[in-house]
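Top line first, the protein sequences correspond to chains A and B.
Quick note on our numbering: the first sequence kicks off at 1 and runs consecutively.
Quick note on our numbering: the second sequence kicks off at 1001 and runs consecutively.
It is worth saying that the hints were derived from the structure and are not from the lab.
Heads up, the beta-carbon is just placed ideally off N, CA and C, and yes, glycines get one too.
Among the hints, a few may not be true.
Said to hold, decoys possible - So the derived label-pair ranges between C-beta atoms look like this:
id, chain 1, residue 1, chain 2, residue 2, range
1, A, 286, B, 1001, 29 to 37 Å
2, A, 104, B, 1043, 54 to 62 Å
3, B, 1070, A, 118, 37 to 45 Å
4, A, 200, B, 1150, 52 to 60 Å
5, B, 1132, A, 286, 19 to 27 Å
6, A, 186, B, 1065, 22 to 30 Å
7, A, 173, B, 1120, 32 to 40 Å
8, B, 1070, A, 286, 22 to 30 Å
9, B, 1056, A, 146, 49 to 57 Å
10, B, 1150, A, 214, 40 to 48 Å
11, A, 286, B, 1065, 18 to 26 Å
12, A, 307, B, 1070, 46 to 54 Å
As the list claims (entries may be wrong) - Lysine-lysine pairs mimicking BS3-like chemistry, simulated, CA-CA at most 25 Å apart:
id, chain 1, residue 1, chain 2, residue 2
13, A, 324, A, 286
14, A, 244, A, 207
15, A, 185, A, 324
16, A, 104, A, 2
17, A, 207, A, 185
18, A, 207, B, 1151
19, A, 244, A, 286
20, B, 1214, A, 185
21, A, 185, B, 1151
22, B, 1220, A, 185
23, B, 1137, B, 1214
24, B, 1151, A, 244
25, A, 104, A, 76
26, A, 296, A, 324
27, A, 297, A, 274
To be verified - Output of the computed footprint for chain B on chain A, the stretches with three or more beta carbons under 8 Å from beta carbons of chain B:
id, region
28, 51 to 61
29, 105 to 113
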Amino acid sequence: MKLTEFIRDRLIAYLIYTTIWALVLVFLFAFHVPVEAIIIASVLIMLGVIAAEMWAFLRKRRFYEKLMSDLSQLDKKYLLSEMLDEPEFLDGRILHNAICEADKSMCEHIAEYRRENKNFREYIELWVHEIKLPVAGLQLMCHNDGNTRYNEQLRRIDDYIENVLYYARSESAEKDYIIKPVSLKRVFSEVAVRNREELQAHGMNLKTSELDTDVMTDGKWLSFIIGQLMSNSLKYDATEIIVKGEDFPDRTVLHFRDNGIGIPESDLPFIFDKTFTGENGRTHKKSTGMGLYIVKKLCDRLGHTVEASSVQGEFTEISIIFGKNELYKIE
Amino acid sequence: MKRIMIIEDETSLRDELSLLLKNAGYEPIAVTDYNNVSEQMKAANVDLILLDINLPNVNGETLLQEYRRSSDTPVIMLTSRNTEIDEVLSMSYGADDFVTKPYNPTILFLRISAVLKRSASKGTAQMYHDAEVSTVKGSLIKNGTEQILTKNEMIIFQLLLDRIGEIVTRDELMTALWDNDEFVNDNALSVNISRLRGKLVELGYPDAIETRKKQGYVLK
């Protein structure tokens, strides 16, 4: 709040003062009051007005300057009301109360959404567990009847169910994972065995090296992530997947490389964006643009970094970087 | 015949699981009354228990914890609650394995036989006719002559030996290999089997592995 701004804001008041004083002067002259007395009275009144205005300006400035600087420093602007002291001047108090009330109402609103979101997510989790029972039942029935014709479709249903589950998990603010040492080898082979039939039907070659290492992550989430990468390799015509672990003092990197159709350079920066399908999505097979988005979200939540590099027609490589924090290790 | 107790409240799943186990040569015992599961578990004289986590009135993890105080019969948790937290909890309560629904039956069998074997063979050497099977050295020893098997050949031989006289499908062999990080293809499996045959011939077991067209292999 600048002085000039304050004066401009108060201009009408000054105009009224001046008009009234001009009228008073006319009267004083009419009654032949001595000029010296008029000057002294004018100066005194002027000083009084200036002093009163300065006082009003200064106390307002103190409040609003603090408000503005708090506002610019806060990364969550809605916390402003928590930072403000109640001012002693009337319009400041009105503003303060208004801000506090608006804030409270917003918090209630958010809490309501959070509750609804949580309920929805819990329902999704419940639903996923429920729908898995008939899928499991069907799978056993097929096996018992010696019919393998439906296996592929059942596996696809299960994959789509997992997608919904992990999408819900990735979007939720709740911590429902646990970080502990997980063997890369174990997770990878578990995913590979689960997808064995489809991988073999595509004539896929799997090559693994240096996976004898533990990373700090949630095993189930990682197995979903690797499953997603594998299903992308299958979708985009890869015939070979090379999985390699690389150990550094401060991190472990999992390289997942396939020789599929690759990703155009112009699409590469966007592949982790929600619903981005890009050129491959248009020209190739059905793509929802959700797979890699969920992968990225899950990695973010677990504190891993995920990177992609690719040369069209040659390879696609997704790298997941696991941090090594000594604090993580709770034995 | 190995007896396996099934604790699963979903009726159709329980029936199919029983049938599956029966067809695979196990004796399934299904729990149908969920009021005193804990007592039934203790009273049953079985070799393995398949235990669901979500049960009426009671939680599988609690049941397991209680059961472990009096028995060390192997328990495999079967669940659709696919979270690391459940797995860690189950394992810490003393489960021997954790399999999530829907499960591939071949993988389930693999897990069952692995758990049963772990609890049964406490250091006793396995024999194939008059040859000793050394999993540590990865070899077959007969009359002092040692025939080294590769890792793949050993996995195949083990599976055939565990079910000697029965048909083992290519699918099962393949799953077992993949489960041990050997991501081989169809051709490689055929090559491995013919090499294994050759080694068995050298040890004096001609025609040990019989091929059943479109079904699988039988070790005799």
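Of the numbered hints stated earlier in the document, which are not met by this structure? Hints 1, 4, 5, 7, 8, 9, 10, 11, 13, 16, 19, 20, 22, 23, 28 and 29 are the ones this structure does not satisfy, whereas the remaining hints hold.
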